[in-house]
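2 protein chains.
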Amino acid sequence: MLVSAILTSVGINSALCVLFFVLYSILKKQPGYYEVFIPRLLTEGNSKRRSRFNLERLIPSTGWLPKAWKLSEEEMLSSSGLDAVVYMRTITFCLKVFSFAGIIGIFILLPVNCSGTELHQIDFADLYSNSLDVFTISNINLGSKWLWIHFSSVYAITIFTCYLLYREYNYISSKRIAYFYSSRPQPHQFTILVRNIPVSAGGSVSDSVESFFTEYYPTTYLSHIIVRRTSKVQSLINDAKQLYKRLLHLQSEPSEQKCKQAGLFGQKVDHLDHYGKRFEDLEQNARLEQSEVSLAKDTHAAFVSFKTRYDASTVFHMQQSSNPTHWLTEEAPQPNDVFWPFFSSSFMGRWISKLAVVVACILLTILFLIPVVVVQGLTNLSQLEVWFPFLKSILTIAFVSQIVTGYLPSLILMLFLKIVPPIMEFLSSIQGYISHSEIERSACNKVLWFTIWNIFFATVFSGSVLYRISIFLDPKNIPSKLATVVPAQASFFIAYVVTSGWTSTASELVRIIPLICSLMTKCCAASTDDEIEVPSIPYHRDIPRVLFFGLLGIAYFFLAPVILPFLLVYFCLAYIIFRNQFINVYAPKYETAGKFWPTVHNLVIFSLVLMHVIAVGIFSLKKLPLASTLILPLPVLTLLFNEYCRKRFLPVFKAYPAEILIKKDREDQNDATMSEFFDKLVTTYQDPALMPIQYCADSDSLNRPLISPAGMSM
Amino acid sequence: MLVSAILTSVGINSALCVLFFVLYSILKKQPGYYEVFIPRLLTEGNSKRRSRFNLERLIPSTGWLPKAWKLSEEEMLSSSGLDAVVYMRTITFCLKVFSFAGIIGIFILLPVNCSGTELHQIDFADLYSNSLDVFTISNINLGSKWLWIHFSSVYAITIFTCYLLYREYNYISSKRIAYFYSSRPQPHQFTILVRNIPVSAGGSVSDSVESFFTEYYPTTYLSHIIVRRTSKVQSLINDAKQLYKRLLHLQSEPSEQKCKQAGLFGQKVDHLDHYGKRFEDLEQNARLEQSEVSLAKDTHAAFVSFKTRYDASTVFHMQQSSNPTHWLTEEAPQPNDVFWPFFSSSFMGRWISKLAVVVACILLTILFLIPVVVVQGLTNLSQLEVWFPFLKSILTIAFVSQIVTGYLPSLILMLFLKIVPPIMEFLSSIQGYISHSEIERSACNKVLWFTIWNIFFATVFSGSVLYRISIFLDPKNIPSKLATVVPAQASFFIAYVVTSGWTSTASELVRIIPLICSLMTKCCAASTDDEIEVPSIPYHRDIPRVLFFGLLGIAYFFLAPVILPFLLVYFCLAYIIFRNQFINVYAPKYETAGKFWPTVHNLVIFSLVLMHVIAVGIFSLKKLPLASTLILPLPVLTLLFNEYCRKRFLPVFKAYPAEILIKKDREDQNDATMSEFFDKLVTTYQDPALMPIQYCADSDSLNRPLISPAGMSM
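Quick note, the sequences are listed as chains Z and F, same order.
Each residue of the first sequence is one higher than the one before, starting from 513 at the first, in our numbering.
Each residue of the second sequence is one higher than the one before, starting from 513 at the first, in our numbering.
Bound-form chain Z, shown alone:
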């Protein structure tokens, strides 16, 4: 690819970004779009719809930028939780790494690369007409001593990144503990989920739980709630609630409309009657189902609450029964985080569904490119003309054919990629996790590896899936193969950063899909304030994206340092835009207290090792075997560093230590509100579907049917 081509792409995408910024700053000020652009502020009551029109509303402004910039970490922590802080720290981590890498890359490596003559001499007179390859390591002459600079820079960036990783892990683990210290008593801290409860003949699960815990934990056991399958009754209740709302709507229709409908008055009464009858039927059905569920065979699982955090934690940590597949304990999720349409309490059932999901993920990852490749057959115009002869006349138009062959395939690939996060989320949800947050973390990992396999490796080894697999089955030759193919794709990935990175991040600001949805609902019905749903940020979509760009940056750092400025621009955009979105749009639905960081850490380590493997290959290709050998200790040391971090920090992310739990419990002993808290705790995990049906306009529970109404910071 020529420099001019890249610059064109940069130009187009910069223009797009500016367009999005302008669009955002105008639309944001229109009261009609408040629920799209500032839903969080609206529900928090910090912003009111101003219906008075003024010209100012149509002038683009940059007022939101300083506001987003000034947001401190403490404010963010208190308003959006530790997960948002971890997400923003991931971006600043990448900014730090690539600032350092950028300085080395642009001021040291780039001039060295340009000085080479392996491909061809650089044409300083007409920079635009140079191929991008001139700026990569490929241009360095074979056996050149200049390669030692690349060698040193690989060491430098590895040491710098590991140092930052260590500091960051340390900081986030201390934040996690501080967060726990400062949190008010929360139900999930006192509760565990017990599965595979063995039931004696004739007895019920509830009796079994009661007798087990009163026998073995008489002083600490507080209460329990049996888990039941309520998806059917839940859907009945939802139907009833929706019908109820429609009824209300019909009854309260404004008089002018009534007048208009005068001729149809008889019909309206019919409507009311009809809906009223259906509503009564539904309600009765729901009540019937409720009582049936309460009597039915249950799921052999229960939430068991204890009097202190420490006691709950000891029961969670220890194997309870002499049969390790009975009385399995798990940390309870936050009450509003509970999710189990696919809950399976049997040991084998969960195990098999887990295996099935692993197989499904592998199949999806392997087979993903098949539809894409078929669609990319579009590039072959003559084939298309054979299939669809009637298109012949249109396809002869140069512009149309350019779009069809040049833009459509990549657009289709992008669309296919868009549906991956929801698919992975679905797969994770049937894997047996019992909380939204666990599902999201698992989906995040799945999307991450899917992206790496199907974008990075699929691009560099531009062959069939079987070819890619065969490469990994031949571990000896991986470095040399990577070294041959990875530098060749530098220009593609620069274009990818600019297109997918810049533009999609800027489009995050405009929130295209919610905007379209809002426009469509506006055409159909007027919405009211209390129907606004504040979204939560989909970490399983955004974390993999940030990390994938991090991987690209680290892998290409010493091969093609030209990529680094583009990446820096991307991370700056992401930094400011996501801060803004955390203020205006996203509200946390649950809190993992920083559990996403180990994923980030692992991927950065993977990226470093990938860079080392490529370096080994490159230096042997460039006839510098000594450098190739001297790189070898680096991946070993990096992996050892990773192992050390796992031992040093990871345990805190798995469970809180005894010291902290006991301290926190002691603090509570003097708290007068604790008895009230324990009273509430007994019913917190009660399934909302089994409680008396309430017909308030509870939009929240309608939109998220399986989340109990108990707030997250009860």
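No lab work stands behind these hints, which were simulated from the structure alone.
Misleading hints may appear alongside valid ones.
One copy or two, either will do: identical chains are not told apart, so a pair holds if it fits within one copy or between any two.
Derived DSSO-like pairs (lysine-lysine); straight-line CA-CA distance at most 27 Å [said to hold, decoys possible]:
1. Lys1135 to Lys1166
2. Lys866 to Lys904
3. Lys1166 to Lys687
4. Lys579 to Lys687
5. Lys1192 to Lys608
6. Lys866 to Lys541
7. Lys930 to Lys1034
8. Lys930 to Lys1176
9. Lys1159 to Lys904
10. Lys789 to Lys744
11. Lys789 to Lys757
Place chain F on chain Z using the hints.
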């Protein structure tokens, strides 16, 4: 190899076995060798030295056979502990598997193999002159339908073995729990080892432990003992004790000897004086060192005891400090099992020593064959004559040259193999384990994989180490390579079973090395009864041997069923001989309560998967690709079965479940002797080197300097 050659080998080795049996039954009856053959019975007082000579003593007898045969599992459990039971059950497990395999192999597979004509027709007229290959799968014609019988038998043996494995795991885990239930209160059940204790400036480790546990576990904490480095003072005390014994010996020398030494009386008095003075010096040094150690900077580790088993277990299971590298908890070993000359309490120190040991093991495994190959240069006689010209005349003698070329290299290989278990034990001991039993378990694993790599893989891929590694770096071709080389080595491994298996097991009966030692000490000095040391069985030498034969049997079962009868004979020999040794020779020094079984289980699973991989290769070589494909689910299912067993049984082998601990604690509440037990518990883990020096003839503590005198079933 021809049938006749194998039969010759069988003949020679059977004769050797009979010889060992005869020798044993005679020597065993000689009072002079009681401490070699029945040390256990002697120390237990069940057998007395009969000095009266009678002819019966010189006639071989078989009286010990029925005695060993009749020993029931309960008797064995009470006399030799659960580990011995697990060891014997490993042998009976192999007997069961290979009885089943033998029936299929000899009555179904063998006739099928013989019916083939791929290599050559079997010569029934002169069976002896047939090559052994005629009896292997290599003789089956390409694409023959008969191969489906082999295919089915692979499935049959896998299912049968897995069924037995499941039953056995189930049985042993229930035995383990029963053993715990029936055990009397033991110090290690109430104690944990805490490492990496942070010390505040100016404070001592003891203060730190005291304040931490009284703060966080005020109701359950009992006492603690700081671990100190006592190897120096221990060696001083040992010297002093030995000197004291020599003094006693000199003083109490019988009068007749005194008379003899009359002329040297002056000298003797000098001796007494001299030794007396040296003894006083030593004693003073030891006392000085003792007080120094007590004041010195300690190891930042302590044994902490609790009031109940459950409390100790919860502290062990939970991370204590918010820094996961501080207050590391570990289950305490039995007091007589403690071992720490190489104890390192620092987190990094242990980690680095572990890494160093892993590297050392890998290096040893990879480089082991180099000295052996050099020595095996002996087979090249002409080379030897060039090196040592003076040997020329001797080497021309046919017999000598046969020995040198034929027997010496394999003898040297065997000797090298003999030193592997001690080396591995040493490596495990510096790895940071704190008990003999842990060291032995770790060494057992090391020896096992060493044996598999350096005997099985080194024999089948009879190439250089690099060649073997290159094979495993090319995973696609492993099945076909294994399928080519493994059947070719069938006759070698039959000979190996007969030579190494039969003879070395029979020689276990005669206890060659202790016998030689005993003969040598007899020449020098008369031994007394109270110096007898009862050995414990070296599991890290014997378990890998049994398992390696199991691996051979499973791998060769469908390739060369001829091997199975020889294996069955081996397991029968091992069964009767080890039962006898458990009665007469070995006494347990510590008890892991069946923790060796998971190792056995894993190796059997590995053997099965190895067989499947070979089967995949064989069936494609034999042009039966369908069978090759249909084998593929088998390793997957086997590994899933293994995973299930890990989940179902392994947790019980890691730690006892809460249910059992609590029940056991409740039983003790009514026990009047518990207060006495707790009084003792406070000092049980006191290092014997720091206690007042006692000069009783405590042979036991002399021979095992770092084992505290508190018995294992205190």
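Hint-by-hint comparison with the structure:
| no. | hint | result |
| --- | --- | --- |
| 1 | Lys1135 to Lys1166 | neither (46 Å within a copy, 52 Å between copies) |
| 2 | Lys866 to Lys904 | neither (49 Å within a copy, 71 Å between copies) |
| 3 | Lys1166 to Lys687 | within (14 Å within a copy, 33 Å between copies) |
| 4 | Lys579 to Lys687 | within (24 Å within a copy, 68 Å between copies) |
| 5 | Lys1192 to Lys608 | neither (46 Å within a copy, 59 Å between copies) |
| 6 | Lys866 to Lys541 | neither (47 Å within a copy, 63 Å between copies) |
| 7 | Lys930 to Lys1034 | within (25 Å within a copy, 85 Å between copies) |
| 8 | Lys930 to Lys1176 | neither (43 Å within a copy, 57 Å between copies) |
| 9 | Lys1159 to Lys904 | neither (64 Å within a copy, 62 Å between copies) |
| 10 | Lys789 to Lys744 | within (21 Å within a copy, 93 Å between copies) |
| 11 | Lys789 to Lys757 | within (14 Å within a copy, 105 Å between copies) |
Of the hints listed earlier, those the structure fails to meet are numbers 1, 2, 5, 6, 8 and 9, in rising order.
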